[in-house]
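There are 2 protein chains.
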Amino acid sequence: MSDLEEDLRPLDHRPEEDHEDIYDEDGSIRGDFLALVCAAIADRDVLYLRQHVAKLHESELGHLIEAIQPDQRVALVRLLGDDFDMTALTEVDEGIRLQIVEQMPNAQIAAAIGELDSDDAVYILEDLDQEDREEILAQLPFTERVRLRRALDYPESSAGRRMQTEFVAVPPFWTVGQTIDYMRDEEELPESFTQIFVIDPTFKLLGAVDLDRILRTKRQTKIEAVMRETNHPIPAHMDQEEAAQLFEQYDLLSAAVVDEGGRLVGVLTIDDVVDVIQEEAEEDLMRLGGVGDEELSDTIPETSRSRVPWLLVNLLTAFLAASVISLFEATIEQIVALAVLMPIVAGMGGNAGSQTMTVTVRALATRNLDIHNAFRVVRREVGVGLVNGMIFGVLIGVVAGLWFQDPNIGGIIATAMLINMLAAALAGIMIPLLLDRVGIDPAVASAVFVTTVTDITGFFSFLGLATWWFSIS
Amino acid sequence: MSDLEEDLRPLDHRPEEDHEDIYDEDGSIRGDFLALVCAAIADRDVLYLRQHVAKLHESELGHLIEAIQPDQRVALVRLLGDDFDMTALTEVDEGIRLQIVEQMPNAQIAAAIGELDSDDAVYILEDLDQEDREEILAQLPFTERVRLRRALDYPESSAGRRMQTEFVAVPPFWTVGQTIDYMRDEEELPESFTQIFVIDPTFKLLGAVDLDRILRTKRQTKIEAVMRETNHPIPAHMDQEEAAQLFEQYDLLSAAVVDEGGRLVGVLTIDDVVDVIQEEAEEDLMRLGGVGDEELSDTIPETSRSRVPWLLVNLLTAFLAASVISLFEATIEQIVALAVLMPIVAGMGGNAGSQTMTVTVRALATRNLDIHNAFRVVRREVGVGLVNGMIFGVLIGVVAGLWFQDPNIGGIIATAMLINMLAAALAGIMIPLLLDRVGIDPAVASAVFVTTVTDITGFFSFLGLATWWFSIS
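Chains as they are written, first to last, in full-length UniProt numbering: chain R, 1 to 473; chain A, 1 to 473.
The hints are simulated quantities; they were obtained by calculation from the structure and are not laboratory data.
Don't take each hint at face value.
Intra- or inter-copy, both count: the list cannot distinguish identical chains.
With a straight-line Cα cutoff of 25 Å, these simulated DMTMM-like cross-link-like pairs (lysine to aspartate or glutamate) come out [to be verified]:
| id | residue 1 | residue 2 |
| --- | --- | --- |
| 1 | K222 | D185 |
| 2 | K55 | D251 |
| 3 | K218 | D43 |
| 4 | K55 | E224 |
| 5 | K55 | E282 |
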């Protein structure tokens, strides 16, 4: 009976048990549930909150916190008290996390942090200012403190910061049976794990064994006979993005993190890596769209400040394009149709250029584009530029010629269109490639350069051709 | 001794063993390695290829295949023969995969497919045409054929297509000890797994047990005492993106896939889900950039065809903007400075609009933006539009006024700028929200509508204001 009880204990704490679906069909939190929670917060109905909110999965609780009003968030955390699962804070925007943590007494944070896996604890601690962090660390038990401090000592966005310092490690001469018995008796195991590491007495990493391998093997077999060398131990200083790429490429579920001496210091798990992969893809998209790492909860001044630099750079290039137009003021004065049509040439070039650029930036980020196939891709893009330039040149030429009843204008815009589509293709592929070569993130800088090229080429070719043609005819 | 031998057997086949690093610092395949492989293919040096290429990890082999010339790819696969790991084909572009598979005799494909996990087999089979697929399936053993056909019967991009049909399932009344003994003796286990499913005699899913839980539990404990209910069984018809969101939200490593009757039909694993997450983020980025699901290996006609539709829609809106300009031909004829400056107003609005739109589209995709915080975000965006509109209005107004020595032009462009930045903010947030509400993917359609709004507002406000101001002054 006591055996069974022991087995059931951790099970009772699983938040998945007696689960209610808090989402509607669209994936938003159900309106009626949200209303009940808000009412319970207003009424300080701790019983309801404990029954229906404390049991939510950490990510559901995170969604809930983001959905309620800012002042209700702190109230909710206060009302839940010890029942509040701090892990939920790893699921919300940084701004919201800081807002809540700053309102909590350091003693309460310390108590809650002590319950967390080390990676979650680090995630919350790293955003706090030096002083608060030290005060919280000082209130933790010695081993816990040392572990967290070690992780916090690694650079931001490194594998060492994201790793979990709890792991199972055994010596190579143990048998499978010994290992299983150890796991049955040991109280201090990580909450969940998928492999066991093999180390020597100095903690040097020798290898790893997946749990399914342990389960398939006879008890008397030695661990060293079933372990495999880990070809992808992750140096603690490695950037998290690079670590994520290893996980992706080799389909890893977890990987050992080692220090400079090859000693095992932690384990990086796929759930953290999935977050990194998400963030990375998101970063590229945001950068291409000209926004930094802003969050939905940022204030107006924060958001404005993060967007001004990109607009400013674009303003400079817009004036550059305008000065190209001003070269041809005399021609425009004579033929106003040119002013009407010129944004079409520039705009279509910009669109074509950003198509090529998007493909290039993404291929560079996923390492699908490198020196071995760059030439093939450049050739293809130029070919596409030529084909689409001809298609749209003819199309626009015919429409413009009919609109202004002037075949000359049709011919001029068609030629300018073809030139600009070719320029767009070349700029769209060469600019990201060159930026990548010189070590600048192509996602950040490409768009500005590409549209500068297509604007200037568009205006110059169209207005220049027109000036030349009407001067000789 | 025979025990030990059995334990070592599968280990010997792990490709990670005696691993050589084929990548340079930039993550490209090392040039010298590539040259050696190409030479070996040209020389038909099967020995070298078997020793250095056949042992590569599937993803490395995939990279290698993408890096060499198209005609070398088929030659490489032929030379490797039975030593070619078909899994590598799941790592390359669809175009390259088809090119290779079409050159292989169906008998060889059937033999190779038989060795694969079912999810990889389906991944390769689903791209083939009906006839080839049937011929290959016909050559597979009965159970294999039934399994693959069942997976292929599920809709494209469904969980049923991505699932693995190999899994470990036991009845609830077994003990932990019985389960471990079963795994030690059973030959036909999946290559790797992290949980065991619990089913009734009709294959109805009752629950699951993580392997670490099995290892921590005493042998005599019943499985039903340690199993947990699976709150997230994945219906086989569920879209893979939706399934991926469940994995992400609940940090799952693998999840049971069930049919309409709740019967266990397969298991979805995190490594496949990571690919889905990647694809999904990539899709949003590509769509925002106006390119479809094209691949780096697509030909010029394929690529051109995939990009024309978006350019065509943009052309229509460009003509719409041009027709707005044509309303003010008389004014432009008098004050050519307007033609010089008008692209600045339209362009800056376009940039500001695409910033807001990028944030909105991403927030919608990650479900961070819903009815509960939409109003807050709209308010913020309008505020940012107002602030940035004033900053850039003043800036551009001063520069333009000085450039053309005319304070009137400065005042007009400043006002038009402010109006267009506000329009950009509203369009950037409202258009994606509305598209999402009516069930259209905001990533596909937002950009066109947003730039249409900013172009038209930009030209109309600037030229309209100028016409009005100079007519009264």
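Verification of the hints:
1. K222 <-> D185: both (19 Å within a copy, 18 Å between copies)
2. K55 <-> D251: Between. Shortest inter-copy distance 17 Å satisfies the 25 Å Cα cut-off; intra-copy 32 Å does not.
3. K218 <-> D43: The answer is neither: 59 Å in one copy and 47 Å across copies each exceed 25 Å.
4. K55 <-> E224: The answer is between: 23 Å across copies meets 25 Å, while 42 Å in one copy does not.
5. K55 <-> E282: This pair counts as neither: shortest intra-copy Cα distance 30 Å, inter-copy 35 Å.
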